[in-house]
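Dock chain one against chain two, each of which comes alone in its own frame, and use the hints as you go.
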Amino acid sequence: MSPVLAGVLQLTALIAALALAYRPLGDYMAAVYSSPKHLRVEKVVYRCIGANADAQMRWPAYLRSVLAFSVAGVLFLYLLQRVQGGLPLSFGFASISPDQAFNTAASFVGNTNWQSYSGEQAMGHVVQTAGLAVQNFVSAATGMAVAIALVRGFARSVHSRQAGGHTGDLGNFWADLVRGTVRVLIPISVLGALVLVACGAIQNFSGIHEVGQFMGGTQQTGGGAYASQEVIKELGTNGGGIANANSAHPFENPDAFTNLFEIFLILVIPFSLTRTFGKIVGNVKQGYAILATMGVIWLGFTLLMMWTEFAHGGPALQAAGAAMEGKETRFGVGSSAIFSVATTLTSTGAVDSFHSSFTAFGGGIQLLGMMLGEIAPGGVGSGLYGMLVMAIIAVFIAGLMVGRTPEYLGKKIGTREIKLAACYILITPTLVLGFSAASMVMPDALGSMLNTKALGAGSHGFSEVLYAFTSGANNNGSAFAGLNANTPWYNTTIGLCILLGRFLPMVFVLALAGSLAEQKPVPETAGTLRTEKPLFAGLLVGTILIITGLTYFPALALGPLAEGLS
Amino acid sequence: MVKTVNNSVRNSARLLAAGLRALLVLTVVCGVIYPLVVTGVAQAAFPAKANGSEVSSDGKVVGSSLIGQRYDKGTDKKGDPIPDLRYFQSRPSAGLGSNKDNGVNTRYDLQVSGASNLGASNTDLVDAVHERRKWVAETYGVPESKVPADAVTSSGSGLDPHISPEYAELQAARVAKENHLDATKVAALVKEHTDGRVLGFMGEPRVNVLELNIALKDLAQRHGGG
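Line by line, the protein sequences give chains A and B.
Quick note: the first sequence uses our numbering, first residue 1, plus one each step.
Quick note: the second sequence uses our numbering, first residue 567, plus one each step.
Bound-form chain B, shown alone (with noise of 0.2 Å):
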């Protein structure tokens, strides 16, 4: 009885070294060498891609085309942000917040991706889309029902990148008179930075907010505006 207790015990812990041994050297194929090897030809073959779309303006970095951002100016008293209205403003990010707010990690002050996950019937999120149609229209100038969705609704990683073109051409008016541009040459300038489906089906038509932020700042520059 004993004997074969500690012959179980025995074929158990073989077992469990077999399964270690195969679990490290698996760790050094699939976590060490798979990793690397895309790495060195990512950074070979696509180095601007795989280091986060960096885009440049007056020969800074201002972000990655890829990772939308707030275009405000300063704060009000209560200490929430107010929309600098000379560039189009991104969607409502309810999300998004730094990891100072949650206590993790809290040496940097990093930027967090994420949802408001609010249920469709939520009456915060019910309030939360009244207050942002009503700000939008009347910043705007426009009709309560012109609003479109993007622009009253919060994305799913906190960071959208794009609006829609109805949301970037509702802005154009307001934009433009706030940089003494011509408002024609904004709307041409939202219409060239409106992209299509991909391949013509695939996703929704979008505008990129910052590369459409920069060429802004750019025909502002070149027209003395301001």
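Extracted from the complex, chain A is given alone in its bound form (with noise of 0.2 Å):
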């Protein structure tokens, strides 16, 4: 069988999975955000917080919840880093710095696990798993939380409060963050990891201890809890892992079968969420317009990079006659290419093989889907609000060809609506744009980029910086790792980059369900915009394309363009 193939049938098995998964995951999820039940377990954690888990919020409240949460993260994270030199289990591992402590708090809170530290020399057990570990659960069931709160202001709008509730809630963010949690990511997660051990992934709190070597001598090496925490930065589409080699290392991701199973753990939930988004808003039809335009995008990117790894283009991967560098044998180029999608069209940012390496179009490739803002399928929960926002947008185009007042799912998108919407996709085009620009005539910024011996004259240079920005502001997490970004202008910036790049959108997520929450279903019309049509699907691909290729263009010619037809 020729690797290609093997390469496609990968493909054709990871969605033949993830169609298995659909619909029982994203009913379950609609199940466990709509319930009025809560568990046990859930009234204990309630009871902790002293928080009414039946009050419903209106979105000023549900944000203030979202941002003090977030801020209780960012410090609790922050302090643990810095007391590491004293506290138990971790080796005898210094205390980080504040730069970097800071740059990996905001990364973590921020579901973003951009790392720039070298988890197995840095972080001890204690940092790793009640702190890293702890926000890969609850950064992702915040991003489902306000996926959900966006979902429930058209619902509400449509259905005409069944649940008997007031103009503009929008659910209560505790309820629906430690139901996230404890109903959906910890279950799938506890059963991943034992796939994980089974094939191979290490699960144990050993400190530093010699192994023997094969010529004799041994070699000093940590244990550490691998496999939970692998599967939870997959399916939270976290991304940090416990070593630097991320899931390149055999003990985060020993085999050929667990390099899927981890693919499918970062698709997962973000796919299955507009099964829930259908369920929710009472017509299933409406997900799968979404599901589609996800769907498409996807799988046109994932065959595009296969096929240019294939092809292996640039001198150095010629010369060595396949596009091995930076990838393991154990998966090669064909499931490598997959994974490296996947990662980049989500927020997750975990790598199996190293993009820098890629060739010089896959690395575009990887950029753009990171410029996309990350919805196909996207983060777990960002990935859904941020393809709901492209929704407004594409509707209120429609509307504009037609003149007629656009709306979506029987709500009218008027002009608060529009504004909020327009100020959701200019925030990362700004961070991104705005700090890589900066980092071009700081001397320092400059020193850090590894590749400037390119024969594209520094254009793989600029990639770095570009991808490392992109990276951070979408809440991504991967790197064209060549860049040494740990520098006090990298960790502060990029550690803004983040904190913006994930909370600022959520302010506006949350305003814009508020606002339509707060109206009057419209009618259905014969002239009304059949968005749950593959026309409206097609019209949505479009516009997420046309948007995002006016804004990064430029900067995506100076980079791998300019190396690519180098």
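In short, the hints are calculated from the structure, not lab data.
Note that the Cβ used here is the ideal one computed from N, Cα and C, for glycine as well.
All the given hints hold, so there is nothing to weed out.
Example chain A residues on the side facing chain B (calculated, C-beta under 10 Å, incomplete):
no., residue
1, Val71
2, Val138
3, Phe214
4, Met215
5, Gly222
6, Glu252
7, Asn259
8, Ala360
Counterexamples of contact, computed for chain A against chain B with all Cβ distances above 12 Å:
no., residue
9, Val32
10, Gly86
11, Gly168
12, Asn283
13, Val296
14, Trp307
15, Thr405
16, Ile425
17, Val441
18, Thr528
19, Pro534
20, Phe553
21, Ala557
Below, the structure written as structure tokens:
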């Protein structure tokens, strides 16, 4: 069997697995977020928080809770790293410096998991499991909660408050946070972690110890809760592994099956949430249209990536005979290509192969994937709300064409809604392009680029910087790791990018949700745009590509395009 | 005015306290109970795997079947390692080093994972690929065109435990000669240690270098080689 055919078969198997999970998981999540009942363990948690989980929140209250929880997360994680030197079970690793601790705290709370540290030699057991892995759960649950709040904003106008609430209610953040964690993320993580261990991922709390070597002598290695963190880092689209080599490390990702399984974990919640969306708004076909839009972009990107990686352009890869630099033998080119697209089209950023050594066009595809705003299928929750904002823009454009007030899911898209949606899509490009440009004039920042010896005369170095800020502002976390990002400039600016790129969009999404929830539903007429039809999915794909293309084309031309064409 | 400011400060403090309490209770659930339960079940059900898939030879642990190693006999005058050609060689590992090099937590000499991160158009990488190809071709007496890609590129982890079957087959004759073994026997050993794709279509065919070298050592000892 040729590697290309094997790659296509792996892609087919992945699609089949995602299709099988789509309905049950999507329906289950809809039930989780709609159920009036609390589990006993959840009641205990609510009592500890001191929150009334049945109280409905309007959008400002919901937002304040999101922000309060996230601020607490940043503070706690920052402190934990700063005192690591005195914590037990930390191998005696030193405390993390202030700029790096801020960067890492922002990064994990912001569902980004950009890592300017080298995991196995910087973070001990306590910071890994009680600090970083916790944010892998709760930052994901926060993203899902905000997405569900937006969906409720649509639904409560469509279904004329069956729940008997008041106008503008979006649900309860604490209930959504805890349910997402306890009922969705933890059960899948426990099962998934055991699957990974069964295949060879390690799961222990041993300290630094000596392991014998074949040629004699010993080598020092550390243990760790690899499997339990690996599974949630993929499932929650976080991406921050224990090892520096991330999912390329054999202890995180021991064989080709676990590789495919991890890709499945990355994609399963973001895709299935479109079903949850359809269920809650009372029309699963609306969910299918969003799913189709995500699926078309994801599949197109994956096929393009496989094509360019198998073609292995670039002098070094041509000399080697295949694009195997930075790739593991057990995965090969095909399954590494599938992983890299899944990780950059969601907000994951985990890597099983090193993006800096991909072909120039492959690197461009990864960059473009993140620049789309990670909505195909996107991060858990953030993918869905990002795509729904794009859908509002698409509906608006369609409305302009026929000269009628646009509406989506029975909700009028007026001036206020369009302003909020426009603000949403302007945030990340402003951050990415602004900080990349600033880095080009900072002498210290330029010194961090590794690949200045590139034939493309610095275009790969520029790609490294552009990639770093794209990854940060879009909450991805993967890197063109040639860039030495552990400098005060990059630690601070990327940390800021992550926080602004994560929480400013949430402000606009929740404001939008509130504004939608306050509206009376508009009855559907013959003139209503049918947003559950393929035509609309096509319009949505076009809108996404045009908006992203117009925004980022000049920057892409200076980086990967210049390198690939030189 | 002062009263409203006071009120909003008090409200923010109250909300932040709720956030902190939520974080702490979820830290107990996700950061303590969850990893301990998974570790307990994993250690009970798959102890060997959960502890790093260690493999033994002659009753001694000689590493993990999942982690690549170097097979060298000392270093040359420049300090570069000299490959021991009695054994099958792993892929180049440009990204692999120890944490002594970068000054982080230097009380340990830890194994560090990582890639070269060199771009496809990087001239250093182009040179390295040509140099490695030349070395493999000369050392194993094969034409340069026969040298597979994994033999001239470094992996993502720098700890790749595998090489391609092509690279193993290419090394077999020289390895047999160095061990005074029958070349067909060593070739058969490579075949025996070649794993196909998982379930026939996942990943790529590969040879685990450590396991192959352990079997090779056994074979050489049985035949009184050397």
